[in-house]
Amino acid sequence: MKNPIIDEEQYTNYFTNLIRGKRIPCYNIVNGLFSGDCEIKTLYQGLLQRSLYSVGELWEYNKITVATEHMATLITESLMNQMAAQLPIGEAVNKTVIISSVEDEPHQIGGKMVADIFELHGWNTIYLGANTPVQELISFIREVQPNLVGLSMSVYFHIDTLKRTLQSINDNFKDLPVIIGGQAFKRGGSSIIENFKNTTYLPTLDALEDYIKNFLAAGT
Amino acid sequence: MKPEPEIIKLLYKWSPYVDDYLLNSRAFAFGLFQYNKHHNGQALYINTGMKNILGLDEGKFDPSKFINPDFQTLVNMAAIKGDGLIFDGVLTTGTPLKSRSVQAKVLCRQNLLLVLCEYDISELDTLNNEMVELNQELNNVQRQLIKEKKTLTKTLADLKTAQSKLIESEKMASLGRLVAGFAHEINTPIGIALTASSALTDAQHSIDMMLTREEVDEEELITALETIKECSPLVINNLKRTAELVGSFKRTAIDQSVENFRIYNLKETIKDIVINLNSQFKKTSIIVDVDCPDDIYLYGNPNDVGQLLLNLMINSLLHGFDNGILSGTISIMVKREKDDLFIHYSDTGKGMDDETVRQIFEPFFTTLRARGGTGLGMYICHNIVINRLNGTIRCESIKGKGTDFFISVPIPKESNSTSKQF
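If you're matching them up, the sequences are chains C and B in order.
Every letter in the first sequence is one number past the one before it in our numbering, and letter 123, counting from 1, is 123.
Counting the second sequence from 1 gives a position; our numbering is that position plus 1000.
There's no promise every hint is true.
Facing chain C, according to a computed beta carbon distance under 7 Å, are these residues of chain B, among others [unchecked claim]: (1) Gln1110; (2) Val1132; (3) Asn1135; (4) Gln1136; (5) Asn1139; (6) Gln1142; (7) Arg1143; (8) Ile1146.
Lysine-lysine pairs mimicking DSS-like chemistry, simulated, CA-CA at most 25 Å apart [as the list claims (entries may be wrong)]: (9) C/Lys41 <-> C/Lys197; (10) B/Lys1154 <-> C/Lys41; (11) C/Lys213 <-> C/Lys174; (12) C/Lys41 <-> C/Lys22; (13) B/Lys1105 <-> B/Lys1051; (14) C/Lys95 <-> C/Lys41; (15) B/Lys1240 <-> B/Lys1282; (16) C/Lys41 <-> B/Lys1147; (17) B/Lys1150 <-> B/Lys1160; (18) C/Lys95 <-> C/Lys197; (19) C/Lys22 <-> C/Lys63; (20) B/Lys1160 <-> B/Lys1149; (21) C/Lys95 <-> B/Lys1267; (22) C/Lys41 <-> B/Lys1149; (23) C/Lys213 <-> C/Lys197; (24) B/Lys1267 <-> B/Lys1413; (25) B/Lys1267 <-> B/Lys1338; (26) C/Lys213 <-> B/Lys1147; (27) C/Lys213 <-> C/Lys95; (28) C/Lys95 <-> C/Lys174; (29) B/Lys1154 <-> C/Lys95; (30) C/Lys63 <-> C/Lys186; (31) B/Lys1401 <-> B/Lys1335; (32) B/Lys1338 <-> C/Lys95; (33) B/Lys1147 <-> C/Lys95; (34) B/Lys1098 <-> B/Lys1065; (35) C/Lys41 <-> B/Lys1150.
What the hints contain is simulated information worked out from the structure, not anything from laboratory work.
All C-beta atoms in this analysis are idealised placements derived from N, C-alpha and C, irrespective of residue type, glycine included.
Using the sequences plus the hints, can you model the full thing?
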């Protein structure tokens, strides 16, 4: 078991309430864990991410409707917003990151989790949300001049858009590091980074935290 | 797109499945209705979708479930148009309170009506997607607001820390003013004592010289003794005065620098403050008048009352009397009523307009910023009365006439039990 603090019973309880659309019991479980010893990263990964991946699978196998999937997503987002108010802001490290979902990608929770982790580490975090057109992203990077860009992709068939986005970032900002991640890479596909300079695939929030620490240690 | 005849043949092979699907479909609704010449109608067959849009569940068909066009209008249309398509448009069904609108075609053959309806799923789909996008947008705005609130809360906390540091430094500055005043005040008696003791030394030296001679000049001796007679009380009195000043300063300064809870006499504390500010007031034509019963003993930190009066008096001096250029009176009247203490502080200075009075207790409000005012003096007074003495303070002022402060504080319970013993 990867997250010892969230036991299987708690997870099952949460997941059952989530797909039934019962927000309050879900909130109580999350709040109980959050005000206990559970780290935000563990909570995101072991409860919110795991349950949404399961919801995604149920939708893929036509066990639940798209409406149920939307409901689960919106409940999760509202829980994250409630937690966000209690998240401490890390000591400022004078670094800026832009986080966004790729163009046409309607899912945004993964990006939000990543943005929160950066914020906890004191980064100035600019979160652009779902479906950011490539050209707009490029203009925004030009305007803000971040130290890093993070792209989230949940559905695999946006892979061509991701390639186009990475190419465009490489062409316009030669040395700008980019990180990618999301549910889309669950069954592979992360090897596309080999074609792009300065691009790193981060499979988990643990990997993200290590990346952030190394990034600062390297004084990038 | 119309299927080719061979495709239709193929489709016929699947007809049992297609029929079953259609009969149970909810998105596609159809029904076959029969009507008679009295315009009454009955349902010969309706599928699940039609039951749903008519709101029938298990109930029997009722022609009134067709709202627009209603069943009678459809029958009239059939009578006019004859067999074939008699209606193509939006059909509203159910009850006026719970109605549904669907795309529909109605066909007539003899006394039969075939009603075919479908939900426009694509529109629903578009609406659903728009709703999801709006929800996400709402979520993002909420998140942004949370982030901004967090930043503001942090900024506010930083500001509060900075403010309390400034208040501390203002307190230290008022202590500094006391020290400067004290140094100036003590200089005079020490100077006089020094001069007198020099004269005493001269007299003693003169007498020593006389003793070495054979003859003593009487006049010279008398002069030396006169000097001793004059200077000795000067030394004693001025050193006494110095000792008094040191004592008074010690009480005030120690009270200001440490949290010192004890029973103290209010009148003595007020007198100490007045004495300590004497250097700043004595060159002015401002009279300070204190009217306080001798027997008011309070438990607490004397510095609270000290700071309060110090700030009020400095404020009167700087603002009310234009740094001592104007003349007038400062009056401090203290009255005890049961368990409350009333302090009426007033000056006959130039007063303030209503706007200034309204803002007087706000931190950093000053009319003398250009001359280095911090705007914290009155805020500290307000803080002392409200937060430390648990009382109230009210300011009234008339421009050109003067300013009044009405202060009311509850007497701490500990004060009564030990009164007069100290």
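Under the constraints set out in the numbered hints, which ones does this structure not fulfil?
1, 9, 21 and 32
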